[in-house]
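These protein sequences, in sequence, are chains A and B.
Residue numbers 166 to 522, in my numbering, belong to the letters of the first sequence in order.
Residue numbers 166 to 522, in my numbering, belong to the letters of the second sequence in order.
Take these hints with a grain of salt, some might be off.
One copy or two, it doesn't matter: identical chains are merged, so the pair holds either way.
[Said to hold, decoys possible] When the alpha-carbon atoms are kept at most 25 Å apart in a straight line, the in silico PhoX-like pairs for lysine-lysine are as follows:
| no. | residue 1 | residue 2 |
| --- | --- | --- |
| 1 | K281 | K179 |
| 2 | K315 | K378 |
| 3 | K254 | K370 |
Treat the hints as calculated values from the structure; they're not laboratory data.
In case you want the letters, here they are:
Protein chains: 2
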Amino acid sequence: MMEEIKVEKVDKRKARPADGELSFGRTFTDHMFTMEYDENKGWHDPKVVPYQPLELDPAAACCHYGQTTFEGLKAYRSNNGALLFRPEKNAERFNNTNRRMCIPEMDPEFFVQAIKEAVRVDQDWIPAKEGTSLYIRPFILANEVYLGLKPSSHYKFVIIMSPVAAYYPQGIKPTRIYVETEYVRAVRGGTGSAKTGGNYAGSLKAQSSAADKGYDEVLWLDGVEREYVEEVGAMNVFFKIDGKIVTPELGGSVLPGITRDSVITMLEDWDYDVEVRKISIEDIAQAYKDGRLEEAFGTGTAAIISPIGELNYNGLKMEINDFETGEVASKLYKTLTGIQTGKVDDPYNWTEEIPLD
Amino acid sequence: MMEEIKVEKVDKRKARPADGELSFGRTFTDHMFTMEYDENKGWHDPKVVPYQPLELDPAAACCHYGQTTFEGLKAYRSNNGALLFRPEKNAERFNNTNRRMCIPEMDPEFFVQAIKEAVRVDQDWIPAKEGTSLYIRPFILANEVYLGLKPSSHYKFVIIMSPVAAYYPQGIKPTRIYVETEYVRAVRGGTGSAKTGGNYAGSLKAQSSAADKGYDEVLWLDGVEREYVEEVGAMNVFFKIDGKIVTPELGGSVLPGITRDSVITMLEDWDYDVEVRKISIEDIAQAYKDGRLEEAFGTGTAAIISPIGELNYNGLKMEINDFETGEVASKLYKTLTGIQTGKVDDPYNWTEEIPLD
Ligand SMILES: Cc1ncc(COP(=O)(O)O)c(C=O)c1O
Ligand SMILES: Cc1ncc(COP(=O)(O)O)c(C=O)c1O
Numbered sequence: 166m167m168e169e170i171k172v173e174k175v176d177k178r179k180a181r182p183a184d185g186e187l188s189f190g191r192t193f194t195d196h197m198f199t200m201e202y203d204e205n206k207g208w209h210d211p212k213v214v215p216y217q218p219l220e221l222d223p224a225a226a227c228c229h230y231g232q233t234t235f236e237g238l239k240a241y242r243s244n245n246g247a248l249l250f251r252p253e254k255n256a257e258r259f260n261n262t263n264r265r266m267c268i269p270e271m272d273p274e275f276f277v278q279a280i281k282e283a284v285r286v287d288q289d290w291i292p293a294k295e296g297t298s299l300y301i302r303p304f305i306l307a308n309e310v311y312l313g314l315k316p317s318s319h320y321k322f323v324i325i326m327s328p329v330a331a332y333y334p335q336g337i338k339p340t341r342i343y344v345e346t347e348y349v350r351a352v353r354g355g356t357g358s359a360k361t362g363g364n365y366a367g368s369l370k371a372q373s374s375a376a377d378k379g380y381d382e383v384l385w386l387d388g389v390e391r392e393y394v395e396e397v398g399a400m401n402v403f404f405k406i407d408g409k410i411v412t413p414e415l416g417g418s419v420l421p422g423i424t425r426d427s428v429i430t431m432l433e434d435w436d437y438d439v440e441v442r443k444i445s446i447e448d449i450a451q452a453y454k455d456g457r458l459e460e461a462f463g464t465g466t467a468a469i470i471s472p473i474g475e476l477n478y479n480g481l482k483m484e485i486n487d488f489e490t491g492e493v494a495s496k497l498y499k500t501l502t503g504i505q506t507g508k509v510d511d512p513y514n515w516t517e518e519i520p521l522d
Numbered sequence: 166m167m168e169e170i171k172v173e174k175v176d177k178r179k180a181r182p183a184d185g186e187l188s189f190g191r192t193f194t195d196h197m198f199t200m201e202y203d204e205n206k207g208w209h210d211p212k213v214v215p216y217q218p219l220e221l222d223p224a225a226a227c228c229h230y231g232q233t234t235f236e237g238l239k240a241y242r243s244n245n246g247a248l249l250f251r252p253e254k255n256a257e258r259f260n261n262t263n264r265r266m267c268i269p270e271m272d273p274e275f276f277v278q279a280i281k282e283a284v285r286v287d288q289d290w291i292p293a294k295e296g297t298s299l300y301i302r303p304f305i306l307a308n309e310v311y312l313g314l315k316p317s318s319h320y321k322f323v324i325i326m327s328p329v330a331a332y333y334p335q336g337i338k339p340t341r342i343y344v345e346t347e348y349v350r351a352v353r354g355g356t357g358s359a360k361t362g363g364n365y366a367g368s369l370k371a372q373s374s375a376a377d378k379g380y381d382e383v384l385w386l387d388g389v390e391r392e393y394v395e396e397v398g399a400m401n402v403f404f405k406i407d408g409k410i411v412t413p414e415l416g417g418s419v420l421p422g423i424t425r426d427s428v429i430t431m432l433e434d435w436d437y438d439v440e441v442r443k444i445s446i447e448d449i450a451q452a453y454k455d456g457r458l459e460e461a462f463g464t465g466t467a468a469i470i471s472p473i474g475e476l477n478y479n480g481l482k483m484e485i486n487d488f489e490t491g492e493v494a495s496k497l498y499k500t501l502t503g504i505q506t507g508k509v510d511d512p513y514n515w516t517e518e519i520p521l522d
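One chain only, chain A, in its complex shape (with noise of 0.2 Å):
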């Protein structure tokens, strides 16, 4: 049933930027997949082709009503190979994102099965320096040429790749997060859950002015009562409260990260006492106050794990953990990132190998 994806390579390959002079998202590979969506031939002329600019039509609805999503993964070099990590689960989510965003599903395995090929034709660009990955970018564009207001009757999928180098080229580091009570990201009922650009934009503006004030990241705040605690960044987050781990339960508007899913499953089986549910930033004030406050992080595919080491909420300023690592987090990055790239067991059969020439 799945159409052959088709080869072209480039004539003449680029020069590849040494392991140790990666940085992110900047330097992509030499080529990338393409396949197109009609309403008469559904996903159709799956291929891989030489990295190039989009052709888009100066009315195509990405250009204005903002139909776009994306997935993010990594591709690692193992010991005798490349291993992805739970491809499957980015390809349940995409499908999930592109249901609420009004666009055709894909076959899951053949979402995972253009991946592997584009990293194949690709492979030489895995760089293999410990903490470096090739980072792979799934996404989809509406691009019927119309300015009514509509879901697209075609669409673009492309999967881009790029190398990036360590998330933590001095080691695992804390970051200082700031409280955001003025800008939402998400809102139940709305796409919050969704892997749309529309939620990326709007967290821009929050995002800056953190950043003006010294932050590297803000913590989100639901959009309702403005009280209960979704997201850090673009990262799901972790707390460790009187010994427990506390994390915001999913409710509509939050992003469901695989690697806070794993995250999860992993403190279940070193019997972690693991709540999901809502959390408000009152009650992790008062933690914070009551000396109960352990350890708080984020997760997700970039970072895997990033620690929290200050949460300014209404300038209270609250240090966590002397402004270091937690045992809990960097036992989790460490567990993680070695099943990731196969140097450490892995129980849950969450890798996937990618088979090279």
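For chain A, the structure is supplied; the task is to place chain B with the ligands on it using the hints.
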């Protein structure tokens, strides 16, 4: 201070559809306006060029993080030339939108000048038949080639133009509206008052399911209480209750429509009692039950005035004014379209002449 707008004309003009064969937003004129932004030069290189595809790097910010904004207005053929309707209000709203979305503002006078120059070059495309117009779509795309989440350092500003049919070929006609109680368009602290893609992408799902139920548009309720009326589809909304006109206050989540502003001014001028305030959907339902709900209509650049003939709230089907266009809606439609086309006196100085050759 303003850079001169270069003009590069097409070699061969396209065939223009006859005025009677127009639709909305599918046919575009021969030319488009473009201008670039970077941090060193600011907005620069303004030009009118042949209508052509945009070349976007697949890693351009707008393809991923939805940093896009737009405006919409119309040029009308008048007896002795062409008219714009309050374009300086579009310039002002565009800057407000861009500020919210971390996009650099532009000189409002230059914005209007750019529109005039683009329309002048394609002046033959302004249709003449009653009710037709040239729809003008200015928009900005973030196009820095970077997958990091931050405001882009490069932008492209484009104006495209499309000759459009009369919105009501058979005369102004009431619509059936479904009150949306599951999905939310916007919330205070979010981006609802900005004309940015994400708001529209997020609205597609509700719009589609209303259409499946046989309704034309949805009426949006606020995201916090799910009780207060906000907008109808992509229009502002007005009610006539007990002889008074009521319209929702803007409150941060409603798009500040230019038609809305004009309608409020005219109604006050005509000695109507106009209340700009929170309106609960329960109060609307009560007014309907008491026989006090006399009229309801949407306002926006596309339809100008769109009477509401039925409002379905949780199964309560409120038929308004016997599904006939009300007196207030009729008078507003006639007067506004009259002013816009120069057929009726313009006491507010709202129209602006476009110099034609
Ligand atoms: C808003 C948001 N929250 C959380 C996450 C974390 O998700 P994941 O662990 O799947 O990377 C992401 C994506 O990376 C995100 O964009
Ligand atoms: C969401 C939304 N509300 C209301 C309006 C009406 O605004 P205007 O009267 O300026 O066209 C628009 C735009 O047309 C809109 O997109």
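Status of each hint after checking the structure:
{"no.": "1", "hint": "K281 - K179", "result": "within (21 Å within a copy, 44 Å between copies)"}
{"no.": "2", "hint": "K315 - K378", "result": "between (40 Å within a copy, 16 Å between copies)"}
{"no.": "3", "hint": "K254 - K370", "result": "between (30 Å within a copy, 23 Å between copies)"}
Figure legend: structure checked against the earlier numbered hints; every hint is met.
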